[in-house]
Amino acid sequence: MDSCEKLSEYNMDMKQITNRIDFFDIEKFNETPGPFCMSFGFDIQKIICSIEKVGLINIPYIKINENGYFDIVTGYRRIMALKTLKWESVPCIELTNSGLSDSDLLIFNLSDNLCTRRFNNIEKGMIINNLLLFFSIDEIYMHYMELLNITSSREIDILLKINRLSNTEKNIILTEAIPNKTIEYLLDLKESSRRMVLKWISDLKLNINQQIIFIEYINDISIKEEKDIPELLNEEIYLELIMEKKQSIPQKAKKFIDFLKARRLPILTKNEKAFHRQIAKLSLPKNVKIKHPPYFEGPDYLLEINFTDGMNLKKTISALEQIKGLATISDPWKEK
Amino acid sequence: MDITISNVIIEEGADNYKQTEVILRKLENVPIKRVEKNYPNKKDISVNMDKETLRLIDFKGEFFKPCPGTKGYICCGYHILNTGTNCPFNCSYCILQVYFNQPSLRVFVNLEHELDTVGHFLDLNHKKLFRIGTGEFTDSLALDHVTDWSKTLTRFVNAHKNVVLELKTKTDNINGLFSSSYRERIVVSWSMNSIAISAKEEHGATSIIKRLKAAKRCQEEGYIISFHFDPLIYFKDWKNGYLKTIELIDKYINLKKVIWISMGCIRYIPALKFIIRKRHHDTHILDGEFITGLDGKMRYFKPIRIEMYSFMKEFLDKLENNLGLYLCMESPEIWLKSFGWSPENSNGLSDYLNKRVNKLYKTNY
Numbered sequence: 345m346d347s348c349e350k351l352s353e354y355n356m357d358m359k360q361i362t363n364r365i366d367f368f369d370i371e372k373f374n375e376t377p378g379p380f381c382m383s384f385g386f387d388i389q390k391i392i393c394s395i396e397k398v399g400l401i402n403i404p405y406i407k408i409n410e411n412g413y414f415d416i417v418t419g420y421r422r423i424m425a426l427k428t429l430k431w432e433s434v435p436c437i438e439l440t441n442s443g444l445s446d447s448d449l450l451i452f453n454l455s456d457n458l459c460t461r462r463f464n465n466i467e468k469g470m471i472i473n474n475l476l477l478f479f480s481i482d483e484i485y486m487h488y489m490e491l492l493n494i495t496s497s498r499e500i501d502i503l504l505k506i507n508r509l510s511n512t513e514k515n516i517i518l519t520e521a522i523p524n525k526t527i528e529y530l531l532d533l534k535e536s537s538r539r540m541v542l543k544w545i546s547d548l549k550l551n552i553n554q555q556i557i558f559i560e561y562i563n564d565i566s567i568k569e570e571k572d573i574p575e576l577l578n579e580e581i582y583l584e585l586i587m588e589k590k591q592s593i594p595q596k597a598k599k600f601i602d603f604l605k606a607r608r609l610p611i612l613t614k615n616e617k618a619f620h621r622q623i624a625k626l627s628l629p630k631n632v633k634i635k636h637p638p639y640f641e642g643p644d645y646l647l648e649i650n651f652t653d654g655m656n657l658k659k660t661i662s663a664l665e666q667i668k669g670l671a672t673i674s675d676p677w678k679e680k
Numbered sequence: 091m092d093i094t095i096s097n098v099i100i101e102e103g104a105d106n107y108k109q110t111e112v113i114l115r116k117l118e119n120v121p122i123k124r125v126e127k128n129y130p131n132k133k134d135i136s137v138n139m140d141k142e143t144l145r146l147i148d149f150k151g152e153f154f155k156p157c158p159g160t161k162g163y164i165c166c167g168y169h170i171l172n173t174g175t176n177c178p179f180n181c182s183y184c185i186l187q188v189y190f191n192q193p194s195l196r197v198f199v200n201l202e203h204e205l206d207t208v209g210h211f212l213d214l215n216h217k218k219l220f221r222i223g224t225g226e227f228t229d230s231l232a233l234d235h236v237t238d239w240s241k242t243l244t245r246f247v248n249a250h251k252n253v254v255l256e257l258k259t260k261t262d263n264i265n266g267l268f269s270s271s272y273r274e275r276i277v278v279s280w281s282m283n284s285i286a287i288s289a290k291e292e293h294g295a296t297s298i299i300k301r302l303k304a305a306k307r308c309q310e311e312g313y314i315i316s317f318h319f320d321p322l323i324y325f326k327d328w329k330n331g332y333l334k335t336i337e338l339i340d341k342y343i344n345l346k347k348v349i350w351i352s353m354g355c356i357r358y359i360p361a362l363k364f365i366i367r368k369r370h371h372d373t374h375i376l377d378g379e380f381i382t383g384l385d386g387k388m389r390y391f392k393p394i395r396i397e398m399y400s401f402m403k404e405f406l407d408k409l410e411n412n413l414g415l416y417l418c419m420e421s422p423e424i425w426l427k428s429f430g431w432s433p434e435n436s437n438g439l440s441d442y443l444n445k446r447v448n449k450l451y452k453t454n455y
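In the order they appear, the protein sequences are chains A and B. Residue numbering for the first sequence follows the numbering used here, beginning at 345 and increasing consecutively. Residue numbering for the second sequence follows the numbering used here, beginning at 91 and increasing consecutively.
Calculated directly from the structure, the hints in this document are not laboratory data. Nothing here was measured: the structure is a model prediction, and the numbers come from that model. Accuracy of the hints is not assured; some may be wrong.
Claimed, not checked - Derived lysine-lysine pairs resembling DSS-like cross-links, with alpha carbons at most 27 Å apart:
id : chain 1 : residue 1 : chain 2 : residue 2
1  : B       : Lys-368   : A       : Lys-568
2  : B       : Lys-241   : A       : Lys-599
3  : B       : Lys-363   : A       : Lys-543
4  : B       : Lys-334   : B       : Lys-241
5  : B       : Lys-290   : A       : Lys-505
6  : B       : Lys-363   : A       : Lys-605
7  : A       : Lys-633   : A       : Lys-589
8  : B       : Lys-161   : A       : Lys-568
9  : B       : Lys-329   : A       : Lys-678
10 : A       : Lys-534   : B       : Lys-368
11 : B       : Lys-306   : A       : Lys-525
12 : A       : Lys-534   : B       : Lys-306
13 : B       : Lys-334   : A       : Lys-525
14 : B       : Lys-306   : A       : Lys-598
15 : B       : Lys-161   : A       : Lys-635
Produce the complete structure using the sequences and hints provided.
This is the structure:
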């Protein structure tokens, strides 16, 4: 069953809709997304270009609200473009007395959008939030999850929480394509911390793994040291790093995560460094590497030899045999 | 110990068992609701786990199974007897917060009925010693004044000579035990910690001193006891904190009648961290240096664990030469570096603990 068929299950009497187009004063359209709006983070320039080139092809649908202003049912992005283009009035079809309820109008707009585009996560959050004004969560699970390409009830919870974020946060989430997994971590932070974390993710272009590690480390450090996240991130060491001009953004990102790791896991970091120093002193052949087990947790160290042929391998093994310090390799920490 | 039961839910099928009648008689004035199976099953952990509701269940799952252990580490090889799930306390580190997605204190009222099957299995394997515990998914004694499990289970153990039952608790709810005439192969066991950690992190549980007083009384009543320092938590003053508890053990307990003392540093599956952060805002139990272990669980970095175990062993050894010390879910390397010996594998540890049983109960396994 496709999305149109699914929506057709929704019983809406469209007979009363007339196709009469009237002109409405552009000043009376509210720029704040209204009860039917499901647009966020769109590229208004593309719509402006299109309108400038071929005019307004699709006529928006509106409803006049109790205050005499116009709620946009469909065409929010178009009307925002027309505002930028300084149109004085907008041709619209008015649905105030169409007999359609607000829930009908919401579904009306949803159908209009579903046929032409995919929603981003911010928009999905707006839709679920608005649907919940009229439908139960079970009805949403049953009828709208699949339509909106949502895979779990947990995702719905996240989307609803995203909907409650500030527009600045929503914009970063969208621009940086921050995945739901990161958002889930972010949502547990205080608003001021969240904003700061999002700014750093954005400034350092952290990849998904780095994002998660960053949030975990900074949150842990904040709790352990009883300092707010903004206070921590405003420390000189981090600010200097971000201002540094000689390093590329990925280099800065790596260094930033290393700084945090050393602060969160000081004993581990110290031992990793001590181990690397120990190995460096051995002056191993260039084709040989000695690695410690991940976090030193397993019992075995790893010797890695790259070789071109058997002769090269034998030569490397002979060279290794000559290294006296090899027998001294051990855990870098001291035990009683 | 202050446990409030505000209401009882009887799931479909639970009325068929005598145990339900026993429990209801003890909770005369508590409102009762009868519901179909598994209703409602959604828990909102951010609020609470509905720990004031006692849910009586005709449980259809496994009652008896070996402890699954964990990959890469040595397990003590004991068996779990499943009497119910969830616990009235709110320990911040509790793994049950993530293990079970069902609310309420859940009591399996068909246990006595199912014990026949368990007993049959034990009899078929009469040459093997089974160390059994009921404290894996709940506190063994917290609800004993309502369930009377101690009576049922001590009677059961008496009838099966190849069984040692360990009742693990954080309570002083021991009166039920004293009304039973059986003492043989019943180990009453207390979870121990530093007083500071217990006070800050084991919400609702009985204080360490009261636990030790209860342990002393149990010894006086003829029970063998044990202790579990699990989880050991690394904090600023951990050495003094644990030393104080060790001194208290020495003060209250006859160490000759302690069958074993286990230790395990805090470890958790990654999903638990989320839950701990949500449910226990003030906790500092996650402050330590955790790394991903061989089994995917988070554990303290190896030298920290070695330091903690070595310290505990050093001071426990000073109290008594052989206290049956063992490590819970640790690698042979950690055993060796902190204890100076290793059982090498789970069978080795099982043998070691069985020998403790033989010594304390004069059995021969």
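* May I ask which of the numbered hints given earlier this structure violates, with the numbers listed in increasing order? => 2, 4, 5, 7, 8, 11, 12, 13 and 14
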